[in-house]
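Colleague: Sequence:
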Amino acid sequence: MKLFLILMLILILCYLIWQYFELKKFSVTEYKVYSDKVERDYTLAVVADLHGFTYGKENEKLLQAISAANPDMICIPGDMIVGKHVKTHESAVKSFEQFTKIAPVYYSYGNHESKLNRKESAYYSDFLHYEEKLQEQGIHILNQKGEYFDHCLWVCGLEIPISCYKKGICMPLPSRFIETEMPEKPEDAYTIMLAHNPYFSEDYAGWGADLTLCGHYHGGLIRIPGKGSLISPQFKLFPKYDGGDYEIGAKHVLVSRGLGTHTFHVRIFNRAELLVVKIIQKH
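Take 7 as the starting number for the sequence shown in our numbering and just add one per residue.
Think of the hints as simulated: they come from the structure by calculation, not from any bench. Don't take every hint at face value.
[Said to hold, decoys possible] Label-pair ranges, simulated between beta-carbon atoms:
#, residue 1, residue 2, range
1, Glu153, Asn76, 18 to 28 Å
2, Pro178, Lys67, 38 to 48 Å
3, Glu36, Pro231, 19 to 29 Å
4, Thr49, Ala256, 20 to 30 Å
5, Tyr26, Val92, 17 to 27 Å
[As the list claims (entries may be wrong)] Keeping only pairs whose Cα atoms sit at most 27 Å apart, straight-line, the calculated DSSO-like set for lysine-lysine is:
#, residue 1, residue 2
6, Lys246, Lys172
7, Lys100, Lys121
8, Lys125, Lys67
9, Lys8, Lys173
Ideal Cβ positions, reconstructed from N, Cα and C, are used throughout, including at glycine.
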């Protein structure tokens with residue numbers, strides 16, 4: 007019995023050391039999509055679920071990886087912060103400041119931003135201050151709106167109801183939510199949607215987004231080789247859209263495993279990732 011306990015303690019210690027170093031690492035995952043709607047090739051860097059994390063001193067490792075990709079734009083589909091932890095707001099503001107030195111930044115809100123973006127939130131004033139700092143930096147905050155980039159890309163962001171993130175329940179989007187909330191998209195442009203929650207991937211593609219960028223699931227925290235993630239934030243086992251490239255008809259949904267963690271600081275067979283997406287002109 008004593009030997010068993012010693013072995014267990016050694017295993018736990020080894021696991022904690024491994025996780026400590028694993029959470030300081032990230033990979034770069036590259037995807038290529040093709041379209042005849044674009045007149046040249048574009049590169050996007052996708053930063054999802056950073057949650058105030060930094061990699062290296064002043065985030066130098068992440069910034070170097072983004073710079074190396076030479077992106078035309080940086081896309082952020084939500085959760086740059088951890089809701090009520092105001093220190094992560096400060097870290098996110100610093101990250102945004104560095105991002106803007108590399109490329110234009112497009113940002114839509116995830117559940118952590120949406121929780122605070124309500125007058126009844128105890129942290130509403132903190133969030134308004136955070137949002138003001140981003141506006142001063144020229145961040146393109148896209149919630150329920152879109153903007154042209156270089157005349158043939160249309161970048162838009164969707165903020166969904168906070169009720170759709172409720173734990174233990176997979177709530178559907180309200181009927182015709184996207185059609186009602188979003189502006190009419192231009193048919194001749196290549197539409198890029200930033201939408202935090204991948205559970206609604208089929209809705210995004212059905213609406214007509216050529217490329218949707220998501221996060222939220224953090225890769226499921228624990229991934230089983232050959233099977234995928236173990237559990238979603240709504241506690242659904244083996245969620246379908248947990249990380250990777252999903253083709254829905256002629257549309258693509260790219261789901262990032264995210265760059266940060268919160269609450270449960272666990273990543274098993276599930277290294278954090280920066281996405282580099284190349285939109286390539288189809289001849």
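Colleague: Checked against the structure, which of the hints given earlier come out wrong?
Modeller: Structure breaks hints 8, 9.
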